[in-house]
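Peer 1: Chains as they are written, first to last, in the numbering used here: chain A, 1 to 308; chain B, 1 to 311.
A portion of the hints provided could be inaccurate.
Unchecked claim - Pairs of lysine to aspartate or glutamate, DMTMM-like flavour, derived with a Cα cap of 25 Å:
1. B:Lys308 with B:Glu203
2. B:Lys199 with A:Glu191
3. A:Lys130 with A:Glu199
4. A:Lys242 with B:Asp273
5. B:Lys22 with A:Asp167
6. B:Lys48 with A:Asp195
7. B:Lys230 with A:Glu199
8. B:Lys22 with A:Glu191
9. B:Lys86 with B:Asp273
10. A:Lys128 with B:Glu203
11. A:Lys242 with A:Asp167
12. A:Lys242 with B:Asp56
13. B:Lys304 with A:Glu191
14. A:Lys128 with B:Glu112
15. A:Lys242 with B:Glu203
16. B:Lys199 with B:Glu112
17. A:Lys130 with A:Asp195
18. B:Lys230 with A:Asp195
19. A:Lys242 with B:Asp20
20. A:Lys128 with B:Asp56
21. B:Lys230 with A:Glu191
22. B:Lys199 with A:Asp167
23. B:Lys48 with A:Asp204
24. B:Lys172 with B:Asp273
25. A:Lys242 with B:Glu61
26. B:Lys22 with A:Asp241
27. B:Lys308 with A:Glu191
28. A:Lys130 with B:Asp20
29. B:Lys230 with B:Asp212
30. B:Lys22 with A:Asp195
Stated by the list, open to error - Pulled a few chain A residues facing chain B out of the computed Cβ check, cut under 10 Å:
31. Gly33
32. Asn34
33. Val94
34. Cys122
35. Lys130
36. Ser134
37. Val142
38. Leu181
39. Leu183
40. Leu185
Don't read these hints as lab results, they were simulated from the structure.
Yeah, the Cβ is synthetic: ideal placement off N, Cα and C, and Gly gets one too.
Each chain is listed here by its residues.
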Amino acid sequence: MAVIQNLYQKHLQRKKSNDFTPFVKKSQRSFWGNVILFLFLILMGVVFFFPVIYMVSQSLKPMNEMFIFPPRIIVSNPTMDNYRDFVNVLANTVVPVTRSLFNSLFVVVVGSVGHIVIASLCAYPLAKYKFPGSAFCNQLIVYSLMFNATVTMIPNFLTIAGLGMLDTQWAIIIPGFASTLGLYLMKNFMEQIPDSLMEAAQIDGAGYVRIHFTIVMPVVKPALVTAFILVFQAFWTNTGDKFIYTEANKGFAYVVQQLASGRISGVGSSYAGISSASAVIMFAVPLVVFLIMQNNVVSTMATSGMKE
Amino acid sequence: MAKAKYQISMKRRVQLILRDMKRSIPLYIMIAPFMILFAVFVVYPVLKAVWYSFTDYNVLEAANFVALGNYRKLFLDDSIFITAIKNTFIIAVIVGPGGYILSYLLAWMINELPHTIGTVLTVIFYAPSMAGSAVITVFAQIFSNDSNGYLNAALRNLGITQEAILWLSDEKYVIVVVILASLWMSMGVGFLSFVAGIKGVDEAQYEAGAIDGIRNRWQELWYVTLPNMKPQLLFGAVMTITSSLSVGSVGDSLVGFPSPNYASHTIVNHLNDYGSIRMEMGYASAIAVILFLIMIIANMLIQKLLRKVGT
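Looking at chain B on its own, in the form it has when it is part of the complex (with noise of 0.2 Å):
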């Protein structure tokens, strides 16, 4: 009985949201102009891509329901499909989170260093990710299935290998070359919020940790630095997580499109396969979700491992 006292009725509690929305009235207005372009121009596209996954919609046709069809199809008729998953998957694993550790150990480093020295750095280590895809031919220079190209240039004067790998057409050494050419580019924006979000933090902070015992930079980083950049962290992540799942375009520029026997295929260049080439929207679509649930999933993950940084 003692639980009833603290049960509010259905109107009231209507009563209570109603008031809270007269109250944020000027709130409202003022997220007003974006909510609405992003109603009209990102989640009604998304709505419509989640409806025609259930379709056959070719784009010059009109759509047919068809249930399930396109989900069957992709995980029971469609072993490229599986194989592109796993490839993501490998993909995902390593470029994530090296490249999440890896930009904010540069982006940290960079703020140990005098100012104008460290806006150089963050230029220089972003610029491939400016650039985009005008650098990915000198990958193609690197990697070249050329006994003279850099890299089998130099494993031959090393003596490591006597005969040039064919790094851009061996099934074996397609996905590593993909990897490594992600890895590079990945200081993107995540890499600028942690340059950022460094800097924002309080020098307050450091004083107080100093006084309390604080003996080195390392200690600093993990008491002082990681705690106070838990937005700029989340954010990191969420964008880690976005673009190592889409990695695409590279393996398409670097080894081709398909990649020797599928060996670096991911889903985003299955995607792209049936929505920009066989204009199979229905299909695409339904790729695009599963992706997206894929990210979701691994959004949650990453969310409550960030929860334990600093304590």
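Isolated chain A (complex conformation) (with noise of 0.2 Å):
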């Protein structure tokens, strides 16, 4: 009690103090601080954004600017024919360009959604309870971050083959779900629920599995924000082509890549162009569903008034 009165003390002190700051949430900001932070935010934000407008202008160039040394980010005559050639090399390819297409929709969405929930239903288990194994099995998952995949690539292979998955795309899909990166990434978000809350809800008689879905996962929502958008990109950017061989079951990221390499639309400087702008396709998919994303990632835990 003593203790709370000292605050309150405190807290009127400081009423007294400043009228103007009833109640002050944050520590003092000072105006100064808060420009050279944001001056240092521009500065490092042009050095970071620096690649990725040089991608882009390299796209906008028509065939008579993109070669000129040094590259000048500047393009004088902006065209968007080098994307209109990609739409029509695309569209003239021997398996349909919506036939690829689909298949990456397939993997991308069958893939993200199903590694979420599998792999959020063990990181809450391992999160925040002691039973005969957890302490294992965490070690294991940090530690399977660690290894090299050039050298388990090849059994990989042929357990999917013992599978009989070769060919399909399950053959993506289901080696993705045991991807341990985003589960790893959600257990610790999970490890900062209090304990308070679960045990309310289980007195309560919701079972594991209720709390998982109606109290863990709305609490942890920007870490299963941040786990989709990694999954996401890595199904969106898989060319599959170790495990898939028949080209109506292979997905756009791969038929890009052909593009963009020359061996569908010609070789030479013909195909610059087009791979250019097959560069800026590939990565503004993952950059819309990025920015979607990310923008409903408000605090959470503390809007939501469930956190001790």
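If you follow the hints, you should be able to join the two separate chains into one complex; please do so.
Peer 2: In structure tokens, the structure reads:
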């Protein structure tokens, strides 16, 4: 009680000393501090965004500007020709591009949603409960992130072949479910949820699965969104050429990769424009998803009042 | 004798564990789908690769057991591998802590700004990692050997250098270029988790901190924000360790493979050389196992360090 009184006294003092800020939410922010932070961030932003600006400007250049050295960032005659060529070439591929787009869509949607459900179901018990084997599983997951994938490729290929999944989309989706990155991320965020929240739900008679979907998932929304972006990107850029041989089963990323390397559109300088346009398009899709998702991440924990 | 009172017999211990397991059946069911897939597609291949590291497996022929032959060859007969270890450490020591601190600071600064500007900036910083290999071409232009390349021209205009520096071919500079490009692309997963983690810190904690006499945002960062983000800090550290010790493909596409006189040859470059070019899987697996051990040790050290944050 004494502590609370003490805090309240301090609060009153503060109130008296500065009438304009009756209740200070955060510590004082100096104006110049804000300005310096903002300028620094702008500077860093320009540095970090430069490669992307370059990529976009390159894709808007007509052929005669593309090979000027050193490359210019400002395009004097911006044109959409590269994008038009890109679409034209795609429209004339042997396997209709709608087919490969559908393949990609299937892999990305089933893979991302499935991964989030399966991995979050596993992350919650590992983060919040101790049971025989939980510590072992936790260690295993951390260390699995550290093993280089080059040498596990061949055993993986043999397993997938043995399960009869070769040349189907499942050869990409099912191993993608087992990616530990998203799981580890979600687990780390779930550790921060106060125990009392779950105990209260348990007393009210909710089972683990119910607690997971109604309490844990909403609270760790920022982590879910981040994990979703990561897994979305992984599936979207997966070319799958190790596992899928039939052209009709291949995804959009593979077609674009072939296009960009000149295997479909012909060789020489003629594909340089298409190649730069395709780089922007492949990059734009996850970027849009990222923007939509990221803008929805408001401070859920604080606003929902569910934190201790 | 007093001690014996607390000792539990083996039988009792098994009983207790079984009782715990029985109670946790719903939890086991929840983790089962992921853990089964994890065992099949992650744990099993890793174990298989560890086994390969003791053989001369070359993908085409059956593997012959050679005991520690691969490891002996790596450390005693392969001078390039020793160079690779040295380079990897040089790169990791700079890119690891540099990228980690930078991505934390940027994430924190972003949180100081209004929500929409913050979101845009998050995207901007994450963009190079998201575009992946597509942006490496721009680094090749910046660090071009040509005297009119961006960096060379800028240095000449400033009067710092007279002649063009061969950034991508000179043994002295190759590793510097790889380090800079890696730092550029280090705002990855760890950065995203920092951004999300800072948003998750309870507002009430800041209020309490302000009342308790925290004067400025730097104090707030050290005494409130950092201690509240331990899980994310840990996650970021694991990500940084894995990414900074596996720098390799950036060098491949910038300075070529192999790099001039192996000046920026890393462990991962060496691994890819044997694993996907020469197809000596046994030898490549041995390299992977050593890299794995290095990462585990680094992880243990970092975890010890992180326990001291905010105290």
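Peer 1: Taking 25 Å as the top limit, are the C-alpha atoms of Lys128 of chain A and Glu112 of chain B close enough?
Peer 2: violated, 31 Å
Peer 1: Lys86 of chain B and Asp273 of chain B: Cα distance at most 25 Å?
Peer 2: Since the Cα atoms of Lys86 of chain B and Asp273 of chain B sit roughly 17 Å apart, the hinted pair holds (cutoff 25 Å).
Peer 1: Tell me if the straight-line CA distance from Lys308 of chain B to Glu203 of chain B falls inside 25 Å.
Peer 2: holds, 23 Å
Peer 1: With a cut-off of 10 Å, does the beta carbon of Leu185 of chain A approach a beta carbon of chain B closely enough for the hint to hold?
Peer 2: holds, 6 Å
Peer 1: Assess, step by step, whether the Cα of Lys130 of chain A is no farther than 25 Å from the Cα of Asp20 of chain B, and give holds or violated.
Peer 2: holds, 9 Å
Peer 1: Would you check whether Cys122 of chain A satisfies its interface hint, that is, whether its CB is within less than 10 Å of any CB in chain B?
Peer 2: Where the cut-off is 10 Å and the nearest Cβ of chain B is about 4 Å from Cys122 of chain A, the hint holds.
Peer 1: Between Lys48 of chain B and Asp195 of chain A, does the CA-CA distance stay at or below 25 Å?
Peer 2: violated, 39 Å
Peer 1: Given the hinted pair Lys242 of chain A and Glu203 of chain B, is their Cα-Cα distance within 25 Å?
Peer 2: violated, 48 Å
Peer 1: Straight-line Cα separation of Lys242 of chain A and Asp273 of chain B no greater than 25 Å?
Peer 2: Holds, at about 19 Å.
Peer 1: Run the distance test for Lys304 of chain B versus Glu191 of chain A: straight-line Cα separation, threshold 25 Å.
Peer 2: Between Lys304 of chain B and Glu191 of chain A the Cα gap is close to 19 Å, so the pair holds against 25 Å.
Peer 1: Next pair to validate is Lys128 of chain A with Asp56 of chain B; report whether the Cα-Cα distance is within 25 Å.
Peer 2: violated, 44 Å
Peer 1: Given the hint that Lys199 of chain B pairs with Glu112 of chain B, test it: the Cα-Cα distance must not exceed 25 Å.
Peer 2: holds, 10 Å
Of the numbered hints given earlier, the model fails hints 5, 6, 14, 15, 19, 20, 22, 23, 26 and 33; all others are met.
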